[in-house]
Amino acid sequence: MTQERGKLRGAKRELWLAWYVTVAFYGLYSVVFFALARAQPPGRPWLDPGQTVAWFADRHWGLLIGFGLIFVLGGFSAVALALITYSIRRMSVSPAYAYSYLILYAIAAIPGFMFICVAMTCGVMRPDLSPVTTQWLYDLGFLSFVGTMGVFLVGSLIWMVAILIDENGVLPRWFGYLSLVNALTEVVIAPSWIFQRGVLAYNGAIGFWVNVPVFGLYTVAFILLLRDFIRRDDLGTGPLPMPPPDVWGHAKRAVEAVGA
Amino acid sequence: MTAVDGLADDAAVGGDDAARRFPGDPDMWIFVVVESLVFTSYFCIYLYARTQHEQAFLAAQSALTMWVGILETILLLTSSWAIARCVQCTRAGSYAAARQFAFVTAGLGAAFFALKIAEWVHLIRDGYSFGSSDFMQHFFFLTGIHAAHLVIGFVALGVLVYELSDPRRRSHKTIETCSTYWHTVDLFWVVIFAMLYVVR
Amino acid sequence: MHLSAERRLSVAWVVVVTITLIYLVIDGSVDDSDVMRASTVASVAAIGLALIKVRIVMREFMDVRYAPRILRTVTDALVLTMGVFLFGTYLVGRAIA
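Residue numbers (my numbering), protein chains in the order written: chain A, 1370 to 1629; chain B, 12 to 211; chain C, 1190 to 1286.
Certain hints may be false.
Straight line, CA to CA, 25 Å or less: simulated DMTMM-like cross-link-like pairs of lysine to aspartate or glutamate [claimed, not checked]: (1) B/K184 - A/D1615; (2) B/K127 - A/E1555; (3) B/K184 - C/E1195.
These stretches of chain B come out as covered by chain C in the derived footprint (C-beta under 8 Å, 3 or more residues) [claimed, not checked]: (4) 33 to 42; (5) 71 to 77; (6) 96 to 106; (7) 189 to 202.
Derived contacts from chain B toward chain A, CB cut-off under 8 Å, selection only [unchecked claim]: (8) E46; (9) V49; (10) D145; (11) F152; (12) I156.
Please keep in mind that the hints were generated in silico from the structure rather than gathered at the bench.
Keep in mind it's a predicted model, so treat the numbers as computed, not measured.
Each residue gets a CB set at the ideal place from its N, CA and C atoms; glycine is no exception.
Using the sequences provided together with the hints, build the complete structure.
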């Protein structure tokens, strides 16, 4: 009995390692894109060559160092992907869901995540690059980042369906519905590069400022839920011994605490 | 304690919370709350832009036809009524009637969709589209994303009818959850209509 | 008078459709024949009526009326929050325009 518990704890160590790597990856991603490279919030779409040269010049070292870090540590994203895929395999649904999710995200990660790093690094690497080439790299970088949203969207819908029909209680159904909220905000992003300005452009009030916080909320939710899942996981194949977190239970206690 | 169609009646239970239960899956209500807040942010962005460019928005808004919006609203409100009747019949065990109401709901939803598409085609033919003005960008975006919700609503109705069709299934919880989703399509439209067609 | 659930639903439908038709009155009274004019009163009324309809749909059509207190509290808070943001944005926006 103690040997079995020891084995469980040992096997779970791998899951915990994967979880901490997931947290590190999203932390790295946020710091690099938002603070170092300042590629987010994105530059305005449809800039002219002179403006793109200025955009790159303004971010010269941030882009080189930030994306340099991504080139070294970006592989962490594969670990995060593997952990989510494992959560789907632990569900009572067909393995096809897990495999489709894994393939979709793995493939989309190259144009949708690595490519902007390559394009933007190219843009600042050489001091004598022509403005037209710089403009081309700027467009390529943001377009690949934004345009691949459709593939990520389909992947997250697969995860959503798996969560909603799962009978093992791996992740709560409310997170499945939150995935739908996230998916519906992502729908507007894939074609957003068509807009040269306005709220639907990829830097717009809706295109960026509503969609990214929703995505942020979704990401924080699944990171916390994956932690809770690992705690409850018995590494078996049937229903988990304990149910997932109940939002309404928490809400009720919060409201009672306030005395409403 | 009298049960009205399987529900704990307001008057009968008074403050007795224990006798009450969530309509459908409680987690679907998380969707209702969060998506409502997301739509509210879209509306706020629209309202702010509107107040800063009043004349331009008014000019573009005049391309819309009020009675079309009114008709669309009534179609969806009636579809909400129909699916609520479907749920009532389900609780009473009248599954055949429930199924009929589900089809009525789908029919009204389809009528709304057809009218919406006709409206879009009409506007586009008159030269209005996403790019023609800021108002039109908001109009096509809000009605477009709403239409996406509507399409998902048809999927939910499909699941609901599937559940009703076989005596071995008929999970009341699933039926009520699909109904809750359908109502959100109506809820969002009610506010979208006020925003786009009436607000000046 | 205690209505059956079915009658109650029909009454609720009549109420929300009537509110919808009130929009026609607002629309007719605000504009100068064919020219559309801005109107704070019309806009505030439009938003207010929409939120009233939302609450009726939630309470009567979505059965929140029969739901546990937490759901009734949360949905009321939702309508209130929407109101605060929508009215607030419109009125503040108009003030600083």
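The hints, checked one at a time:
1. B/K184 - A/D1615: Distance ~17 Å between B/K184 and A/D1615 Cα, so the pair holds.
2. B/K127 - A/E1555: Holds: B/K127 and A/E1555 sit about 23 Å apart, inside 25 Å.
3. B/K184 - C/E1195: 20 Å, holds
4. 33 to 42: holds (count 4)
5. 71 to 77: As far as the stretch 71 to 77 of chain B goes, the hint holds, because 3 residues have Cβ atoms under 8 Å from chain C.
6. 96 to 106: holds (count 3)
7. 189 to 202: Our answer is that it holds, as 7 residues pass the Cβ test (under 8 Å) against chain C, meeting three.
8. E46: 5 Å, holds
9. V49: Because about 6 Å separates B/V49 from the closest Cβ in chain A, which is inside the 8 Å limit, the hint holds.
10. D145: 6 Å, holds
11. F152: 6 Å, holds
12. I156: Nearest chain A Cβ about 7 Å off; hint holds.
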